[in-house]
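Asker: These are the residues of each chain, in order.
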Amino acid sequence: DTEVTQTPKHLVMGMTNKKSLKCEQHMGHRAMYWYKQKAKKPPELMFVYSYEKLSINESVPSRFSPECPNSSLLNLHLHALQPEDSALYLCASSQRTGGYTEAFFGQGTRLTVV
Amino acid sequence: KNEVEQSPQNLTAQEGEFITINCSYSVGISALHWLQQHPGGGIVSLFMLSSGKKKHGRLIATINIQEKHSSLHITASHPRDSAVYICAVQSNQGAQKLVFGQGTRLTINP
Chain H
754 DTEVTQTPKH LVMGMTNKKS LKCEQHMGHR AMYWYKQKAK KPPELMFVYS
804 YEKLSINESV PSRFSPECPN SSLLNLHLHA LQPEDSALYL CASSQRTGGY
854 TEAFFGQGTR LTVV
Chain U
65 KNEVEQSPQN LTAQEGEFIT INCSYSVGIS ALHWLQQHPG GGIVSLFMLS
115 SGKKKHGRLI ATINIQEKHS SLHITASHPR DSAVYICAVQ SNQGAQKLVF
165 GQGTRLTINP
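Heads up: the sequence lines are chains H and U, in that order. If you count by this note's numbering, then the first sequence holds residues 754 to 867, one letter each, in order. If you count by this note's numbering, then the second sequence holds residues 65 to 174, one letter each, in order.
Be aware that one or more of the hints could be misleading.
[Unchecked claim] Short, incomplete list of chain U residues facing chain H, as computed with Cβ under 7 Å:
| id | residue |
| --- | --- |
| 1 | 91 |
| 2 | 92 |
| 3 | 107 |
| 4 | 114 |
| 5 | 116 |
| 6 | 118 |
| 7 | 133 |
| 8 | 143 |
| 9 | 146 |
| 10 | 160 |
| 11 | 164 |
| 12 | 166 |
I should point out that these hints are in silico values taken from the structure, not numbers from a laboratory. Even for Gly, the Cβ is constructed at its ideal location relative to N, Cα and C.
Model the full assembly from the supplied sequences, consistent with the hints where possible.
Answerer: Below, the structure is given as structure tokens:
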């Protein structure tokens with residue numbers, strides 16, 4: 754199993770809603786990542802988890818709250834988002850952070866904030 | 065100047081043509097990745113390399129560490145190869161993140 758599975762594939766939410774994005778991998782990877790991608794731009798790193806601990810937060814607003822309940826699962830909790838937060842949210846995993854290690858990406862969740 | 069520069073930004077070609085996409089980087093790296101993204105879709109890892117050359121089907125990736133340059137080649141291109149191709153590097157300075165190029169949008173016409 755070399756998949757990173759993201760759910761849901763599409764999400765439309767209002768600015769007062771609370772929702773969560775989910776990412777799962779069963780490759781035994783100990784590094785997991787959240788990226789945000791706007792149209793026609795490369796992905797921008799948001800968070801890195803290494804061994805279930807948050808190791809990088811790229812100055813992401815607190816309305817985005819990551820959670821890593823176990824080594825296979827990564828969540829992104831969303832609250833009070835703005836329309837400009839509409840984007841493709843990509844999850845990725847790798848055996849470890851850094852070094853010669855391949856990254857596996859999910860299909861993404863396309864988020865629209867209305 | 066970005067740490068990872070790709071060229072061209074856009075490329076349109078006819079089916080069957082040989083395609084080359086270039087990537088130059090300015091940092092020391094432990095790995096370079098070539099990634100493919102179809103419109104509205106997730107990202108697929110095509111190659112990870114730190115030296116030499118790798119081949120998978122019609123795709124070939126090369127890297128020259130001394131010149132800090134990598135190329136992705138597609139032989140006998142096909143309309144299904146139309147996608148955005150992204151070069152990303154893993155710094156060897158202990159950084160935990162990939163640095164992405166801006167991507168090359170490839171369109172192959174039948």
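Asker: Can you list which hints this structure breaks, lowest number first?
Answerer: Those not satisfied are hints 1, 2, 5, 6, 7, 8 and 9.
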